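Listed in order, the protein sequences are those of chains A and B.
Sequential numbering from 1 applies to the first sequence in this note's numbering.
Sequential numbering from 1001 applies to the second sequence in this note's numbering.
Hints listed in this document are in silico derivations from the structure and should not be mistaken for laboratory results.
The structure presented is a predicted model; accordingly, all values stated were derived computationally and were not measured.
From the three backbone atoms N, C-alpha and C, an ideal C-beta is built for every residue, glycine too.
Take these hints with a grain of salt, some might be off.
Below, computed lysine-lysine pairings styled on DSBU-like, alpha-carbon distance capped at 35 Å [claimed, not checked]:
#, chain 1, residue 1, chain 2, residue 2
1, A, K239, B, K1157
2, A, K67, B, K1251
3, A, K157, B, K1117
4, B, K1137, B, K1239
Covered stretches of chain A, going by a simulated chain B footprint (3 or more residues, C-beta under 8 Å) [as the list claims (entries may be wrong)]:
#, segment
5, 27-33
6, 173-180
There are 2 protein chains.
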Amino acid sequence: MRITLIGSGNVATHLGAAFKNAWHQIVQVYSRDAQHAALLAYHIKAEPINSLNDINIETDLFIVAVKDDAIAGIAEQLARYDKLIVHTSGATSLAVIELFTTKAGVFYPLQTFSTNKEVNFRTVPLCIEGSNEAITKLLLNLAWTVSENVSRVDSEKRKILHLAAVFACNFPNYLYYAAGALLTEHGLEFNLLRPLIAETAAKVQEHLPQQVQTGPAIRNDINTMQAHLQLLEQHADLKQVYSLLSQLIIKMNNSTDAGA
Amino acid sequence: MRITLIGSGNVATHLGAAFKNAWHQIVQVYSRDAQHAALLAYHIKAEPINSLNDINIETDLFIVAVKDDAIAGIAEQLARYDKLIVHTSGATSLAVIELFTTKAGVFYPLQTFSTNKEVNFRTVPLCIEGSNEAITKLLLNLAWTVSENVSRVDSEKRKILHLAAVFACNFPNYLYYAAGALLTEHGLEFNLLRPLIAETAAKVQEHLPQQVQTGPAIRNDINTMQAHLQLLEQHADLKQVYSLLSQLIIKMNNSTDAGA
């Protein structure tokens, strides 16, 4: 397929590389920032542009991978070319593009992408939605060329997925930071926690989290929890986090058959 | 070394296997439950016992891997043999054993162990403490035979590590559960989140968490956070978690140079 990428951030970069590896032709890369456009375009052998007036209409698909609140404005400008326009946002409804065209879709990769960190794109869940069955099928087929993990997900469910991703990714990463801050304060290295963090995530690749919960809260080990709260006496924020999450783990234990 | 294992839970099981693989002799395995003792003893070619009266004194080291509140009672009974006694607990002071003997130490593996899930023990951080320099050195040397990640950690610092492990392991696992519960409620599969969870943990193996934080809170994306809180209207607990952790991510962003 001939694909035009709108955006040059982490999602655009990783998607662009995946499409190029699957032998699609990336026609152009647009970014407001000419340097960003040039850098990504160089890597994926596309033409860089930094004005939407320079769009080459010889393309099959516009992929709009920009900040959520910029999607509508871009879709409005691209609609005149009468090509398929998709966005890549978990939190944004398909309707935002359908305001301007009936040829609309969503191509949402459920993964956290960073600069300078490669991801095995074949394992990335791609959540697909189209304005009609033909578009959905076309996007599903395109998705299968780059990933083995493709689902049809409507806008309502996609919002839930996006919310769940905050719990499964953004919040755990903050807790890694909090753990590291405690260590640093006592002259200990974050490195000591890395194997534990890796193993915690590895365990739920095969099991459900409620089957592998460990720690003082799931054992209802009041003494340890009290000792921990005392250690957090000078950290009001972390004390609050500790109390809340421990209470919820105890509650989970009472509502499921989670082990110790 | 000739090692006697007191306990047959996850820590005892994984330690026992690691010692056996490193060609140490496991003399006996004690568990109150004869079947548990027999099972572990069979795997690591030791003699199972279910009474401390059956202790074979031809051993160099007692490793007490039992529940925290059972350590003192066991140490008291073992002290008569005048051998080195160590416990494996993050939350328990060395002094608990020193009440009964001057030959005391700690051998704390900073990892989460589960039944039926193998761990590469060579990467497990082992935190070592001894009552005197000779004991500490002996335990450090023993630790190096099974792991490449050995540190000297005193009782105060070990308590901090144990607390940090709750933040880095137990709480993230609960958040995986919470994310999965949201998905299940909407007919979506937990499997969709597994690559994201794996990548989130993989990122901090190379970077510090504050360098790779993503999500609406770090971007100060008020619209998305409000939409998420609205989706959580029927989930008072998760709404509280979402608000608290989002606020703390915003605070972290203001106090570090964390990126977006």
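Against the structure, the hints come out as follows:
As the CA atoms of K239(A) and K1157(B) are separated by approximately 18 Å, the hinted pair is consistent with the 35 Å bound. Among the hinted pairs, K67(A) with K1251(B) is consistent with the structure: their alpha-carbon atoms are about 22 Å apart, no more than 35 Å. A threshold of 35 Å between alpha carbons decides the hint, and for K157(A) with K1117(B) the separation of about 33 Å falls inside it, so the pair holds. Of the supplied pair hints, the one linking K1137(B) and K1239(B) is violated, its CA atoms being roughly 50 Å apart against a limit of 35 Å.
For the segment 27-33 of chain A, the stated coverage by chain B is violated: 0 residues have a C-beta nearer than 8 Å to a C-beta of that chain, whereas at least 3 were required. Interface restraint, the segment 173-180 of chain A with chain B: holds (8 residues with C-beta to C-beta distance below 8 Å; minimum three).
Consistency note: the structure conflicts with the earlier hints numbered 4, 5.
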